Amino acid sequence: MADPQLVEKIMENYKKNLPKKIFDELKEKLISLNASEDQLNKIIEEVYREYLNSLIEPGEAVGTVAAQSVGEPGTQMTLRTFHYAGVREFNVTLGLPRLIEIVDARRTPSTPTMIIRLDEEHKYSLEKAKEVASKIERITIENIAKSIEYDMINSSFIIEIDEEIAHDKGIDLEYVAKVLGRLKVGNVEIEGNKIIVHCETTSIDKIKRLREKILDLRLKGVKGIKRVLVQKEGDEYVIYTDGSNLAGVLQIKGIDPYKVYTNNIFEIAEVLGIEAARAAIIREAYQVLDQQGLDVDIRHVMLIADLMTMTGRIRQIGRHGVSGEKSSVLARAAFEVTVKHLLEAAAHGEEDALEGVTENVIVGQSIPLGTGIIELLMHFPRRGG
Amino acid sequence: MAVEQEKIIGPSRLTRFERARIISARALQISMGAPPLIMMAKSSPLEIAEEELKAGVLPITIRRRLPDGRYQDIPLKWLIKKEVQK
Chain A
1 MADPQLVEKI
11 MENYKKNLPK
21 KIFDELKEKL
31 ISLNASEDQL
41 NKIIEEVYRE
51 YLNSLIEPGE
61 AVGTVAAQSV
71 GEPGTQMTLR
81 TFHYAGVREF
91 NVTLGLPRLI
101 EIVDARRTPS
111 TPTMIIRLDE
121 EHKYSLEKAK
131 EVASKIERIT
141 IENIAKSIEY
151 DMINSSFIIE
161 IDEEIAHDKG
171 IDLEYVAKVL
181 GRLKVGNVEI
191 EGNKIIVHCE
201 TTSIDKIKRL
211 REKILDLRLK
221 GVKGIKRVLV
231 QKEGDEYVIY
241 TDGSNLAGVL
251 QIKGIDPYKV
261 YTNNIFEIAE
271 VLGIEAARAA
281 IIREAYQVLD
291 QQGLDVDIRH
301 VMLIADLMTM
311 TGRIRQIGRH
321 GVSGEKSSVL
331 ARAAFEVTVK
341 HLLEAAAHGE
351 EDALEGVTEN
361 VIVGQSIPLG
371 TGIIELLMHF
381 PRRGG
Chain B
1 MAVEQEKIIG
11 PSRLTRFERA
21 RIISARALQI
31 SMGAPPLIMM
41 AKSSPLEIAE
51 EELKAGVLPI
61 TIRRRLPDGR
71 YQDIPLKWLI
81 KKEVQK
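Sequences listed follow chains A and B, in order.
Start counting the first sequence at 1; every next residue gets the next number (this note's numbering).
Start counting the second sequence at 1; every next residue gets the next number (this note's numbering).
To be clear, the hints were calculated from the coordinates, so they are not data collected in a lab.
It should be emphasised that the depicted structure is a prediction, and the values quoted were computed from it without experimental measurement.
For each residue, glycine too, the CB sits at the ideal point set by N, CA and C.
Mixed in with the good hints there might be a few duds.
From the structure, some residues in chain B lie toward chain A, with a derived Cβ separation under 8 Å [what the hints assert, rightly or not]:
#1 7
#2 15
#3 17
#4 20
#5 45
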């Protein structure tokens, strides 16, 4: 066992220069090692040198390599995908469709889901977990009504409430009546297990619309969350949801706000910021590849996520994002609808700085990549100097 | 090897691109009749260029640029010294 303080002291200099993960791992290993100060120094030096040697060299075509490294495994995915894994009664989009969804930066995923962990107070008891879950699940009149009818004679809606279900969801008739009252369609009365809503209109069209509105009236829960499921995981209870609303769920008491998960990247960007969204893109994309058993280095995925989020908002990879917003006219023209891009650029008097690879290929210069990016100067030493 | 010696933009050794570029540029000069800077038995320009680089006699400076336009002129010697040390 080496002295932790000694290790700390020796490694002090390297703290700035090594990534945290490597630094911590090295520190841990060194402490568990039985080595002298001299040996420790040598080990650290060797690790640092090895680290420097493993860095990517300037001029390397990292973007092309990343594209290929994600694209090639993607072709293998197409053959065995388009099926959804039935995860705990919910369907979650996986495989290629999900990967496309991520890089296309769709505003909402086709199957939004959340995994909500609970705070200390609520996570160990099923009762309390269900209590929180009931606050999250969106309940509409439709969910608790046995039937809804329109009484032509009295021009009123008669909503028959299933009291058993309503009770189970923790809703009483008075509450339903109160919420209906807020709609301001007319007087609301309670008669046994029926709620009668008077309305003045007689137009069939309006009645139809009103019926929809009443059925869809949110009694409680978070907007956008359709179903919830309480699952036991280890010794704690976790809530799975169908539908996602990060901002809404974060306001619910009893959840652990630090551990809420959603697969909606745009919500993450909105609520937690672009860095969180970047991390989410990396996690989601890598997870898809990993689940398919494809061994893609995470740094390729990280580069893609960086590219998508570098402007401060999420851009898709493609026409309306990274490729379509390139600053170079020639690069855009080379991507799609060449003539249109060139004509527009000419009309606007755009200039092209010829900084990228594509532009230089087009004009026939050496490209700024690899050996082409190196600038050499030759200086002739003066005679006798 | 101390953590920071001179502050150099980029790696403190010759990258493989720089290496290839230097050797090719020098080999072209030699093939067009430039006098070699070292005495050696080999005859092909490419081999002479390689030996010259190894011997560290080439009066070449690399201009390394940052994306923001700043640059640093790095004499070949700085990078080769490190390489030999390794």
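Okay, the hints, checked on the actual structure:
1. With a least beta-carbon distance of about 12 Å to chain A, the hint placing residue 7 of chain B at the interface is violated under the 8 Å criterion.
2. Contact between residue 15 of chain B and chain A, as hinted, is supported at the beta carbon level, the nearest pair being about 4 Å apart and thus within 8 Å.
3. Checking residue 17 of chain B against chain A by beta carbon gives a least distance of about 4 Å; that is within 8 Å, so the hint holds.
4. Interface hint status for residue 20 of chain B: upheld, as the beta-carbon distance to the closest one in chain A is roughly 5 Å, under 8 Å.
5. Annotation: residue 45 of chain B was flagged as interfacial toward chain A, and the flag is violated, the nearest CB pair being 16 Å apart, outside 8 Å.
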